[in-house]
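Peer 1: Once you've looked at the hints, dock chain L against the given chain Z.
Residue numbers (my numbering), protein chains in the order written: chain Z, 831 to 1260; chain L, 831 to 1260.
No wet-lab data here; the hints were simulated from the structure. Fair warning: this is a prediction, and the values are worked out from it, not measured in the lab. Beta carbons: idealized from backbone N, C-alpha and C, even for Gly. Take the hints with a grain of salt, since some may be wrong.
Claimed, not checked - Distance ranges between label pairs, derived from CB positions: (1) Z/E861 <-> L/Q902: 29 to 39 Å; (2) L/G912 <-> Z/R857: 38 to 48 Å; (3) Z/R926 <-> L/G1052: 31 to 41 Å; (4) L/Q1196 <-> Z/S1063: 49 to 59 Å; (5) L/V831 <-> Z/K1209: 44 to 54 Å.
Number of protein chains: 2
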Amino acid sequence: VAVEVVVGFLGCGVVGSAALRLLRDHRADIERRSGCRFEVSRILVRDAHRSRDVPVSPELFTTESRDVLAGQDVAVVVELMGGIEPARTLVLEAFRAGKHVVTANKELLANHGRELFEEAEANGVNLSFEAAVAGGIPLIHPLTRALAGERLTRVLGIVNGTTNYVLSRMTDDGMSFGEALAEAERLGFAERDPSDDIEGFDAAAKCAILATVAFDTPVVAGDVYREGISRVSAEDVEFADRLGYVVKLLAVAELEEGDLAVRVHPAMIPRHHPLASVRDSYNAVFVEGPKVGQLMFYGRGAGGDPTATAVVGDLVEVGRSLKDGRTGVMLASRFSEERRIRAMEAMESQYYLLLDVIDRPGVLAQIAGAFGQNKVSIKSVWQEGFGDDALLVMITHRANEGALQQTARDLRALEPVLEVRSVMRVEGAE
Amino acid sequence: VAVEVVVGFLGCGVVGSAALRLLRDHRADIERRSGCRFEVSRILVRDAHRSRDVPVSPELFTTESRDVLAGQDVAVVVELMGGIEPARTLVLEAFRAGKHVVTANKELLANHGRELFEEAEANGVNLSFEAAVAGGIPLIHPLTRALAGERLTRVLGIVNGTTNYVLSRMTDDGMSFGEALAEAERLGFAERDPSDDIEGFDAAAKCAILATVAFDTPVVAGDVYREGISRVSAEDVEFADRLGYVVKLLAVAELEEGDLAVRVHPAMIPRHHPLASVRDSYNAVFVEGPKVGQLMFYGRGAGGDPTATAVVGDLVEVGRSLKDGRTGVMLASRFSEERRIRAMEAMESQYYLLLDVIDRPGVLAQIAGAFGQNKVSIKSVWQEGFGDDALLVMITHRANEGALQQTARDLRALEPVLEVRSVMRVEGAE
Chain Z
831 VAVEVVVGFL GCGVVGSAAL RLLRDHRADI ERRSGCRFEV SRILVRDAHR SRDVPVSPEL
891 FTTESRDVLA GQDVAVVVEL MGGIEPARTL VLEAFRAGKH VVTANKELLA NHGRELFEEA
951 EANGVNLSFE AAVAGGIPLI HPLTRALAGE RLTRVLGIVN GTTNYVLSRM TDDGMSFGEA
1011 LAEAERLGFA ERDPSDDIEG FDAAAKCAIL ATVAFDTPVV AGDVYREGIS RVSAEDVEFA
1071 DRLGYVVKLL AVAELEEGDL AVRVHPAMIP RHHPLASVRD SYNAVFVEGP KVGQLMFYGR
1131 GAGGDPTATA VVGDLVEVGR SLKDGRTGVM LASRFSEERR IRAMEAMESQ YYLLLDVIDR
1191 PGVLAQIAGA FGQNKVSIKS VWQEGFGDDA LLVMITHRAN EGALQQTARD LRALEPVLEV
1251 RSVMRVEGAE
Chain L
831 VAVEVVVGFL GCGVVGSAAL RLLRDHRADI ERRSGCRFEV SRILVRDAHR SRDVPVSPEL
891 FTTESRDVLA GQDVAVVVEL MGGIEPARTL VLEAFRAGKH VVTANKELLA NHGRELFEEA
951 EANGVNLSFE AAVAGGIPLI HPLTRALAGE RLTRVLGIVN GTTNYVLSRM TDDGMSFGEA
1011 LAEAERLGFA ERDPSDDIEG FDAAAKCAIL ATVAFDTPVV AGDVYREGIS RVSAEDVEFA
1071 DRLGYVVKLL AVAELEEGDL AVRVHPAMIP RHHPLASVRD SYNAVFVEGP KVGQLMFYGR
1131 GAGGDPTATA VVGDLVEVGR SLKDGRTGVM LASRFSEERR IRAMEAMESQ YYLLLDVIDR
1191 PGVLAQIAGA FGQNKVSIKS VWQEGFGDDA LLVMITHRAN EGALQQTARD LRALEPVLEV
1251 RSVMRVEGAE
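Pulled out of the complex, with its shape left as it was, chain Z reads as follows (with noise of 0.2 Å):
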């Protein structure tokens, strides 16, 4: 016999409501395969009189966080009002009124992950997030459960699909990157004002939760390094291309000598890379450990419906808990670990530089010189065009950032180089 399980929602867009209408179209597949009646209590929204596409009856609706919250019988609050307040007290007082949470806000957990996990802790309840990244690509659970047993070393992400589908079609189309932006909008693939997206604010909150899950390590967004896409041009994706690699906006977190090095910034990734195939505005997530060797997860990462199912799936692993009696969790005594985050300066990539260069004997032997002062290590040259026109297009070996950025302001003073055009990481292939 399935168990009701009581559940209130805080918030009711675009996901809520898909979640709404998941909960009734399946509602038996999800009680066969949970043994547990989900049953949708209250709803807090701002309006409650406003009409709606969502199949639940219009007096669930309330304007008073209390409805949800004090309810005796909820047993599970979903928050998916997004933001940080007032999300972030609300969830912090259904803890305490010992309700678990399911919550989509990447805002809220890559900035208060810590105090919620040990509030969640400290009264017994779970905080489940798989919706709060990559939306519908199952994610937390694998790396946190499935993997508990693999140190991992590395997470690479194309966690943004609004920058993914720009870059697809500076590469696949050759377009410029206004070009590209402004069919993203039009197509309703970026938002009015994209800079949280292009910029990579939303890129960088997401890899501080991967880095949290994946590294046991309350990070912030703020300690993550971010770069957004603005400044990648059709030059660079072009030289990417002739190269053999391709231009992705990477979310990064890796450990060096046991430190947490996290970074958002545009990458060349070689083209056999299963992460070079992710286009348009799809979403993956590669990561590495020394036994389980390489794993990907690919798919919607955005999107009512796909993000909808990823709600649904935690509300049905916390009624299997709640149904076989089960109690608490554990997640600020495993999000323990206590690692430095990284400088920039400190962190190691390849580079990928493009130098405007006046094409005269010796001029290869002064760059070439400056890199060797600065200790890194030129793989590969290219020059493109002669004399005053001459491009010269360099990919180094692994090197250090501090290093890489001294050599470029040491470039710039040499007098045959007349400008830097672009420095940009290359990722995944040494």
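Peer 2: This is chain L only, laid out in the frame that chain Z set:
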């Protein structure tokens, strides 16, 4: 405080040794993440005196299964013997003794799944089998739990590393099937008798398990239509490339009008399909559903260490539920959908055909007529060569398998058709 969970092993081969090493080497991490301390009691082996590279005391080895199964303290039995008997009998005994079971045994699941699910449920214990399909790739849990709110429509898998390695060498290096297989054998990617892999038996067993978990219907290996890759020619691979496709051995499970179609065969998939970039001995499983869209899970499908991470992940999952006082599962009642297995003739796909024809006026009309009579619609035709040496390459729209086979028979009877050189399904395009 960590809860002690006593684990008995049945079998200590490559995966078992790797799992024991993982439990020792990552002991502290596993304890922090799971709240459990896993203690290995006894290990059933054929020869208790053989020396093994395993970090456990030699007196743990035993040749008596009752030492593992009758231990009052043993809470979880890890079955890594492989094959059906005696594994089946021992797993059933473990259930009856109230032990949870974690297994990597593909044959057992693919042939006796229903019996195992029922016996586990009757005894209120868990049966976990993440390691039975696609080694280190978290798949069973995401499909059954994270996607519990979704109704999947299709699963396409590259689930056999040997055949994917062979086809990768044919595609990327232009080798013949024989050359590629010889290289796979030399590098240890193929068994001495490779027919289980090459003829698709291994993939068919995995297909049955994937279909079971994706569609809640107990499917056995014998239900799965099966065709291996030994007849895939260098010519097929080359034409696929020219047409924008890649040849892969696919495990397909999909719903067609409420029936379940399950099959393993070589297929052409579009070059931009996420599965197309799964190279060498890697595995990947691609799933589709109306809500979640497209998802793909990629990684190492075999090998001691990757598979051991899945075994330990399952142990952690079981351990956490023990810690939380959880009881019972519901495997049998979950996998209780009664779906008919669709006969191969009733299935639908797109097809590629390679015909050796005499090139003279009116021949194409005759050939097109044979397709039209069988209601198979041609999507594209391409002629290679002239006169007596002409080859005709054709791709159809989605058509009925029976109708396509009849078309092939009709074509063979046409006088200007010298030979139907290849017929191959095309998946993931329309």
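Peer 1: Would you mind marking each hint as holding or not holding in the structure?
Peer 2: So, going through the hints one by one against the coordinates:
1. Z/E861 and L/Q902 have their C-beta atoms about 36 Å apart, which keeps the hinted 29 to 39 Å range intact.
2. For L/G912 and Z/R857, the hinted distance range of 38 to 48 Å is satisfied, since their beta carbons lie about 40 Å from each other.
3. Range check, Z/R926 to L/G1052: about 55 Å between beta-carbon atoms, so the 31 to 41 Å window is missed.
4. Taking 49 to 59 Å as the suggested C-beta distance range, the pair L/Q1196 and Z/S1063 conforms, at roughly 55 Å.
5. Checked against the hint of 44 to 54 Å, the C-beta distance between L/V831 and Z/K1209 comes to roughly 52 Å, which is consistent with it.
Hint 3 from the earlier list is the only one contradicted by this structure; the remaining hints agree with it.
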